[in-house]
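These are the residues of each chain, in order.
There are 2 protein chains.
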Amino acid sequence: MQRDGVRLNLPAFRFWSHHSCRLFAMSGRASGVYEPWVLWVVLFLALISFGAEAKVHFHKWKVNYQTWAPDCVQVNIISINGQYPGPNIRAREGDTIVVQLENLIPTENVVIHWHGIRQIGTPWNDGTASISQCAIYSGETYVYKFVVDRPGTYFYHGHYGLQRSAGFYGSLIVDAARKEPFTYDGELSIVLNDWWHKSTYDQALGLTSNPFVWVGEPQSLLIEGRGRYDCSATNNSCNATNTQCSPHVLQVQPGRTYRLHIASVTSLSALNFVIQGHRMTVVEADGHYVDPVEVDNLDVYSGESYSVLITANQDPSQNYWAGVNVRGRQPKTPTGLAILNYLPNPSTKFPSAPSPTSPLWNDYAYSKALAKKFVALKGQEELPPLQSNRRLILLNTQNKINGYIKWAINNISLLPPPTPYLVAMKYKIKGAFNANRPPDIYNPRDYNITIPPQNPNAVEGSSVYVFTLNSVVDVILQNANTLTANNSEIHPWHLHGHDFWILGYGDGVFDPAKDPPKYNTVNPPLRNTVAVFPYGWTAIRFKADNPGVWAFHCHVEAHFFMGMGVVFAEGIEKVGRLPNAAMGCGLTRNKIHIHE
Amino acid sequence: MQRDGVRLNLPAFRFWSHHSCRLFAMSGRASGVYEPWVLWVVLFLALISFGAEAKVHFHKWKVNYQTWAPDCVQVNIISINGQYPGPNIRAREGDTIVVQLENLIPTENVVIHWHGIRQIGTPWNDGTASISQCAIYSGETYVYKFVVDRPGTYFYHGHYGLQRSAGFYGSLIVDAARKEPFTYDGELSIVLNDWWHKSTYDQALGLTSNPFVWVGEPQSLLIEGRGRYDCSATNNSCNATNTQCSPHVLQVQPGRTYRLHIASVTSLSALNFVIQGHRMTVVEADGHYVDPVEVDNLDVYSGESYSVLITANQDPSQNYWAGVNVRGRQPKTPTGLAILNYLPNPSTKFPSAPSPTSPLWNDYAYSKALAKKFVALKGQEELPPLQSNRRLILLNTQNKINGYIKWAINNISLLPPPTPYLVAMKYKIKGAFNANRPPDIYNPRDYNITIPPQNPNAVEGSSVYVFTLNSVVDVILQNANTLTANNSEIHPWHLHGHDFWILGYGDGVFDPAKDPPKYNTVNPPLRNTVAVFPYGWTAIRFKADNPGVWAFHCHVEAHFFMGMGVVFAEGIEKVGRLPNAAMGCGLTRNKIHIHE
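Order-wise, the sequence lines are chains A and B. Going by our numbering, the final residue of the first sequence carries number 596, and the count climbs one at a time with no gaps. Going by our numbering, the final residue of the second sequence carries number 596, and the count climbs one at a time with no gaps.
Some hints here could point you the wrong way.
[What the hints assert, rightly or not] Heads up, incomplete: computed chain A residues facing chain B, CB under 8 Å, no partners named:
hint	residue
1	E108
2	G161
3	Y201
4	P418
5	N580
6	T588
[Said to hold, decoys possible] Cut-off 30 Å, straight-line C-alpha distance, at most; resulting in silico cross-link-like pairs (DSS-like, lysine-lysine):
hint	chain 1	residue 1	chain 2	residue 2
7	A	K60	B	K400
8	B	K60	A	K400
9	B	K62	A	K428
10	B	K372	B	K518
Treat the hints as calculated values from the structure; they're not laboratory data. All of these numbers come straight from a predicted model, not from anything done at the bench. C-beta: ideal position from N, C-alpha, C; glycine also.
Extracted from the complex, chain A is given alone in its bound form (with noise of 0.2 Å):
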């Protein structure tokens, strides 16, 4: 039962789970208010049942800028509900999700991700807008409802233009309805983020900026949305009661042992956590279980979760820092700190100890190390097919297009047209994208990843890769040198959708001869985000098995924002039929027909 929501018993919930989807979307979205009677009806289903497993959670969200510090200094946030980071959503697996979302925003239109949950059999509330929907008009209502199918630790966000940037995220964390591989006596959970002060606003107008405006390196890493920036003695906006960037707190009990949840929200950065003086277990990575592993120190690249166990088994008379670092990046940002506080000593008893300390932030080999380690715990996840009916490899590079700086994938650099995917191509609505077909791989021996680009120039595309249902997919994601010497950067990937195996890691150029027997198909991870490190490739694998569209992309919000990202559909032909709610931009208005 969450703080802000409603926890509905509901017998027999999928029989009719479809029609009331389409009930509520409709509904919600056109009229810009609820219609009350579709609450009584879902209210009136659940009263009459009893003892069922399924729940409904019912959330009613408003969305708007407000004021925040959440590094002590002022800037404009979006909110929800006048919470930053946005209200935690619990719930267990087979329960059913219900948010009402009100786009208070002026001018603006807005979309939710629920990040690392596959919309099966809902598409269209995948919250990627130009893909799953039209965006959230100003001022209008829509209502996204999905099943939470399998537990972990998962959140959300926007995903529109830099949204996410301006701290529109939070928590969804899905229990599990069995009995889990591990115990612990307590939960705990953070989401980390990147902070800037500059506006999204300015940092978008940058990004499309000839010259291009960077916005540099953040000024602040969040734990739980809080962080302090120039906290000296003589700032005042660092004093006791701003308590919106006073650290955030883990309680702990001596002795005993917790589950922490950790997601990764980060616009930019790659981000080392670490408790001073405690191990970590991780034993769940992006909603699978993996075989445990103990660690010092725990990378977490942006669109990533974990499940972590720690036993607060150090001395009882001390709270401990809880820290993030920047990695793959030169670190320009102090360490983001929470505090592990031991109770019952006061929660704002500082620790003594200085800020704990990461790996160096370019040993490399440290974090293809960590990430090697990841498999999934034998017995409790599937299997990947041995062989794949296809594979994709996809050249991320950083490019220019009429002297814009952009980010390409196999030389086309992504733009999103108005009219979303999925109702494109569920209704065969002609020139809403380019219906080429695009490239599935590059050619190795026309392109040198170790240099700069000799020809810089890529193209805007809007393609699909469309596969065949229930095919299997391999991507291979090679790096490059970007448009800067000597520079190639830590790209973290997420597929929507879909989970996949990790087959293997490699440096320099993936060789297709050599590389694939060397994949790991005993035990491969199955994630929603990975990472490519600088001048390697990462190999995946996964089944085409959700019809809809999905995007794959740069997690960096501001890599996806400049092209860095493909779009990916299969067996359109099974979706059911999409809420009107989800439509209304670009060429669906064409299918507006009013009879006098």
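With the hints as your guide, set chain B onto chain A.
Just chain B, lined up with the frame of chain A:
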């Protein structure tokens, strides 16, 4: 032939204009890309014609944010085709304007209102979000097409959120097809504005916050988009190479007479315009000829436009300042300056005289007397019907709703609904707005206009004043004290879709018995904007003869944003079929019908 447009000769244009308009609108917006064949049809029809009068002016505009330094301080503005202010539109009466607007702003929608153009037959192109159309989605294209049926000084601007204040405006001047009642040797044009350094996002957030955060008086006053803030000798941003903030230059030949077009798009300020050493003869106001009035300086309220004749009859060895000063609010903003440049003097030669001064800011007697001087030029303008069919008395008050500061009319603060009124009324979409009849009058016995409201609570509403087509309507705007003791502000009220006759101004409470006999029905000026002075009233009359739905509101952008407006409608059954491109938001989504 304007600089950035294409002017086409077109025979018998009106025969196909309605059909063509729908073609443009439907194909243009829905695809996000302009259908080339439509343009070819237009070109073909144009090329086969000879010597016809009506022309089509085609403009292709890309709208986006951009850094700019209008007063030498760099901020983000909304630009059109990279220009600020937006491109000038110039046409002849009877011509057709086509603007293909592509919205390149990420996440944010836009509209453009063509201020002073009545949109006869094209009410869906009035460019008022929530009233005439769905705002143009981020990333999409909409085609505005309308006839400029009357000569005069007009302009255009954003009409959504605070986008006008972000610099989204430009000039629209329509030349007379027949001989005008005055002559001149050349023409000049300026648009006046007030300017803040705080972003309009921050301003909007402040206006909708509790406690209320007011941006305060403007940092600068701009003439044709240029001003100078803090240009002390040490400020490098004011150097000669910063052309964005070098004063606007009005070039004249000694001895010649010029028609100077003046319009004001200020967000807040009433202005007084003055040219050092030069008298002005006012000959046109809001597109109507007035009996010439010679003045030393001219009050210009936001939303008003004028033509004045000036003769370059001063010492030709000098240049002269043209300036604007704030009226009606205690000024904290320096005079905004342009240069009247007597050729062949260099335009860079700054006048040696100090900035020109205006009457005392609170000399309301001066302003009222000036306002009353403007009467219609005999024989040139239509006279009002002697009787009206309906009279509204609209009390303008500052209020609180749930602690938030709002403005209200007869205690209703306008909250525009997600579904545009025009669409909802034309297609009888139930539930789109409050169908109750709003109050025609307030009860003067219950309200003391000389003190802050005893009960400041108002309600939000969306109801419509519906008029019988071709009926005659009187509106009395009744001003009152704000929430602050001894304070009442000037409000410039603007009517869309119509001009109105100003029948009279008065102090104190309008008296329905004693005041109407004093109305000027002999030669009242026709206007689209009129001021109501502090603690006073203004009476106007208009014919409700333009089928459509029309905003009538205070032209102070923040005031309209806070609810200071009403919605008028008439003859909806006569409105032509609405273009799909104007729909897609709110309940219009329920009209999307897809046959799989």
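Interface hint compliance - T588(A) to chain B, C-beta minimum distance less than 8 Å: holds (6 Å)
Residue hint P418(A), partner chain B, criterion CB-CB below 8 Å: Because about 4 Å separates P418(A) from the closest Cβ in chain B, which is inside the 8 Å limit, the hint holds.
Straight-line alpha-carbon gap K60(B) to K400(A), limit 30 Å: holds (25 Å)
Holds or violated: K60(A) to K400(B), with C-alpha atoms at most 30 Å apart: At roughly 25 Å apart (the allowed maximum being 30 Å), K400(B) and K60(A) satisfy the hint.
Hint check: 8 Å Cβ-Cβ cutoff, N580(A) to chain B: holds (5 Å)
Hint validity - Y201(A) Cβ closer than 8 Å to any chain B Cβ: Because about 6 Å separates Y201(A) from the closest Cβ in chain B, which is inside the 8 Å limit, the hint holds.
Chain B contact restraint on G161(A) - CB to CB distance below 8 Å: holds (4 Å)
Proposed proximity, K518(B) with K372(B) (alpha carbon, max 30 Å): holds (13 Å)
Proposed proximity, K428(A) with K62(B) (alpha carbon, max 30 Å): holds (29 Å)
Per-residue hint verdict: E108(A), partner chain B, C-beta under 8 Å: Because about 5 Å separates E108(A) from the closest Cβ in chain B, which is inside the 8 Å limit, the hint holds.
The structure fails none of the hints (numbered hints given earlier).
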